[in-house]
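Can you build the whole structure from these sequences, using the hints too?
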Amino acid sequence: MTRRLPRIGAHRRRSRRGDVIGIAVVALLMLALPLVASSSVINVGVYALIYALAALGLSLLMGLAGQVSLGQAGFFAIGAYTQAVLVTRYEWSGLPASVLAVAVTMTAALLVGLPLLRLRGHYLALATLGFGIIVTVLATESDFLGATSGIFGITKPELNNRTYNSPTEYYLLLVPVVLLGLWLARNIVESRIGRALGAVNDSEVAAESLGVDTFRLRVQVFVLSAAYASVAGTAFAHWLGVINPNAANFPLSVKFLLMAVLGGVGSVYGAVVGAFAVEGLDDGLRRLIPELLPGAVGEVQLIGFGILLTTIMIFLPGGLHQLWTGARRRMAGDTSAPVPEDEGEARLEPVADDVPLLAREGRPAPGTPLLEVRGLTKRFGGVTAVDDFDLTVAAGEIVALIGPNGAGKTTAFNMISGAVPPTAGEVTMAGTRVEGRKPHVFARAGATRTFQNLQIFASATVLGNVMVGRHLRSRSGMLGAALVLPARREERAVEESARELLELLGLGEDADRLAVDLPFGRQRLVEIARALALDPDLLLLDEPMAGLSGTERRELARLLRRLRAGGMAIVLVEHDVEAVLALADRVAVLEDGVRIALGTPDEVRHDPAVIAAYLGVEPEDEAATAAAEAGTP
Amino acid sequence: MTDLLQLLFAGLSQGAVYALVAIGFVAIFTVSGVINLAQGEFAALAGLVAISAVGSGLPLLAAVVLAVLSVALVAVIMERLVIFPVKRMTTLVSLILTLGVSTGLKALMLLVYGPNAEGLTPLTPGSFSLGGVSIRYQELWILLIAGVVSLAVYWFYERTLAGKSLRACAEQPVAARLVGISLTKASLLSFLIAGTVGAIAGVLASPIYFTSWESGLTLGLKGFVAATLGGLISVRGAVLGGLLLGVLETLTAGYISTGLRDAVAFLLLIIVLVARPAGIFGRTAEARV
Amino acid sequence: MSLEVRGLHAGYGRLAVLHGIDLTAGEGELVAVIGANGAGKSTLLRALSGLLPVTSGTVHLAGTDVTGYGPEKLARTGLAHVPENRLVFPSLSVADNLVLGGYTRRRGPAAARKEARDRAMALFPRLEPRLEQAAGTLSGGEQQMLAIARGLMAQPRVLVLDEPSVGLAPRLVGEIFSALGQLRDDGLTLVVVEQNARAAFAVADRVSVMDRGRVVLEGDPAALSTDPRVSGGFLGGGFAADADATTEAAPATGATRAADRR
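Chains as they are written, first to last, in my numbering: chain A, 1 to 633; chain B, 634 to 922; chain C, 923 to 1184.
Simulated from the structure, these hints should not be mistaken for laboratory data.
Bear in mind the structure is a predicted one, so any value in this text is a computation, not a measurement.
Glycine is no exception: its CB is placed at the ideal position from the N, C-alpha and C atoms.
Treat the hints with care, since some could be wrong.
[Claimed, not checked] Simulated crosslink set (DSS-like; lysine-lysine; CA at most 27 Å straight-line):
1) Lys720/B with Lys995/C
2) Lys818/B with Lys720/B
3) Lys1036/C with Lys995/C
4) Lys818/B with Lys995/C
[Said to hold, decoys possible] So the derived label-pair ranges between C-beta atoms look like this:
5) Val297/A with Leu777/B: 37 to 45 Å
6) Gly1058/C with Leu702/B: 33 to 41 Å
7) Leu702/B with Leu35/A: 54 to 62 Å
What follows is the structure in structure tokens.
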């Protein structure tokens, strides 16, 4: 797992308290500033607060969705222009105008986001940059928007017959807005949505397989991030009194980015700290550089920005937040450590074999066909990895998929679960056609999977991993999460059921450890617990036994039998043939992508094609090779 | 008809400049997965260095050589100072890092060379008319030199051991290390190439399009768009992408509106990225150079 | 000893995967390392060839302490690693893949380079007609051959291979392993990591069995195949199942035996 920028998200150690303390400290400092500072400093503070909102939105996009936007100023400008038009041309008063301005910006973000968020990484970043430039061009070209000179005469806001026209007054008007923004952001980060997006950043395919609709969530965060920018834009328009195409300019987007990065993308309050630091630096450099270098004019403070951006990324990728958490950790003494492999095995609950587990109302009756796979085929270039594969799986049975390494088992799994689109063929899960769609569609149809190459959510605890599994069994959305109250009870229920599952798999004591600190074997069990949290009707397990000790294997086999007794259908790919033959009701054998046998363990065991292909034939043994080839359909 | 030819020709010479900048993006991206947002600044810096060298009395050719060499050096220093020390280069980190370098270089150019846009002396001044189409000698130089440089870069990747080793790094970095190719040296070499072709683009473009501390932004972005049209991993694609973009831009400016010129590139970028992420000339997603 | 590994610990980040591996391979010896998925075999090879930093322990290559060498330096010192899934350079021609295989010897005598190439071609004559073809267009088996040939171009003392049998039909597996046997007979030292224990047992001089980051059994294949812990499936995982097959002379009896044990 590569280490990325620190991210925001629930169930990371210390993140909750860290953010609360951070927000409290920031709030106190913000409120203290007008008491001690001169009017010109407060003027800088006003801009810092305005920009902080836009930077906070960007920080959410980067921290939650893991994507960089270089066009945040575009949304800032849309908000500002809408406000300016409504106030100056249609004589709306400030507050209703800003509500409409935010709504307009969010709509624009939705329209822009729907195509753009199909892109990732560099492409998204540069496409958003392009978007920012297009906004600048349109503003410059539009006479309605005042072309290059922009819109003048936006008055200072008036509330309750009070005009906020001194820096101190405007500053104090903005502080509660920023605090509200912080509070909403923090709630979202700590919510079901924040958790799901954190999981997406760690492993998109695993999060999707647990039912997280990545694209939808990314669009939501993008729109939210634009909403923050537009609030900043409306505040900016009123304060400056004039708005021109520069508001959408690239350097402003860079400034927002610098604020978010400097404060620390891994934190919510960081954007505000970053905004004050960058605005202070901006102001300072604008004064300092012309004194040092007489004749220097224009945007000379950019040099400080450039140096700051690079040095932070190299030496302090977590921003100022990283310094703060580092200091806290040193004070607290970091006690966390990976679990040594010999520390003992996971103790799965010993119970009699056939006690049904996780049976629930509404589960399909045993024998009901759940999964239908028809003619599934995958070609990579000239190689056919899976060739015309058929399989039907009914509720309450265990089907094993075996075959030599590279026979196409995992590819078949990937196609069935939607992670990889098939070249041809159909997959129907509980009546829903799922092939070629995303894994969350498969999950919604009641099925999920584990991975041969572990796809653990590296930045979350064991508990956090399993809680993501409850994504589809909980429903609070972005709005509910932001307002926190309705979501809180649901969160508690999710945590409780996740802990129960961990106990079941003998991972109760590991619940609050980082999942990546566990040995591979136990990480595998975490993946199984996570999958079970979805409460699926069908479970696909890719080599669940690998890395487990003998005892753990037996306990896992027992668990799988109990799940079957509870009515769950299980398909497993496994290398441990003996374990498979003892466990499965039916066995499918793949060789070179072709299903060469399907039957009960006994039938498969005696199938000559299986014996020849799976167990292998000495190449010099011509007769056996011929026999094997004759036996292959 | 003459108008069209005139626009096409102007578009091609503009596109040739984009093509060179695009090659720089491809060279770096294939080796280290970094999109170098400072690529446009390489071009701008070369233009400004050459202009000031000519201003201080150096012969034009010497000034051009000095500009290309110093920008190549800047690119190499950038790699050592900013790219090399980062152990785990992710998309986010690489974007912010190169954005930082780009911003810093811009400000440095502003401090040293001031805010005004200037043009370098053309290699051959003047223009001539061919069938009603007015052609500047500098535009011919641009096409000629950009063509030669593109072919040289192509030959380098196809025929030399060093070029093949860069392709190996791009396609299978792990296997490349296992056969003994140093990824850090490869990355350095890729920046050297990007700096050199970027600088050549800068000095070629300056006499016609002028250079200021800010001109790297749009040039860099257009170069990126061109590289993306070509799939971001192919020199040939980058060149074709650059020419196509140049022509589309001048046609838009000529027939629709000059102001929309910049919007075209980005609309094209968004459309191509969403509809055909492998680029319009890309055949597969496999890494090629 | 051509290759001597003592007390090797390595892992990913804070997670330890190898817990003190000892492994030796004498000159002209073919050592097979087998074990189930997740046993740490690939991690061992990655640590051996410098792709993964070693936490503690030592690696000696022909008497030189190479612990902590990066892959580039190790390649120059004489260890060639044929990675899992071949990883040939797909857009480059077969010939260029070979040229890059000899990258560390690019300043060496041309005669030695030519000899290495001739040997590789003699070993895998199938590659000869495909020299100008892009490597990505080869079949899986040919790509494996190319990957091995590419490794040989570095003129190594020790060749380590990660799962050369993955995804190959049994006949091709036989072909690859008999080539490995031939290289051993020519005096090259080989370490082969395999899940396909059966193929490995057929040619190996010695076998090490790994489970969860440790070498749990070691010995010559004949002795190991009768070890109850191997044939009895005590260790679980693919190893046990495959080893069952290995210990049986003919596949049919293998299946029968498996059935009998039920």
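So, going through the hints one by one against the coordinates:
Our distance criterion of 27 Å between C-alpha atoms is met by Lys720/B and Lys995/C, whose separation comes to about 19 Å. Restraint check for Lys818/B and Lys720/B: the C-alpha separation of about 15 Å stays at or below 27 Å, so the hint holds. Restraint check for Lys1036/C and Lys995/C: satisfied, since their Cα atoms lie roughly 22 Å apart, inside the 27 Å limit. With a C-alpha separation of about 13 Å, the suggested pair Lys818/B and Lys995/C falls inside the 27 Å cut-off, and the hint holds.
The supplied range of 37 to 45 Å is met by Val297/A and Leu777/B, whose beta-carbon atoms lie about 38 Å from each other. Checked against the given bound of 33 to 41 Å, the beta carbons of Gly1058/C and Leu702/B, roughly 38 Å apart, stay inside it. At roughly 56 Å, the beta carbons of Leu702/B and Leu35/A sit within the given window of 54 to 62 Å.
This entry satisfies every hint, going by the numbered hints stated previously.
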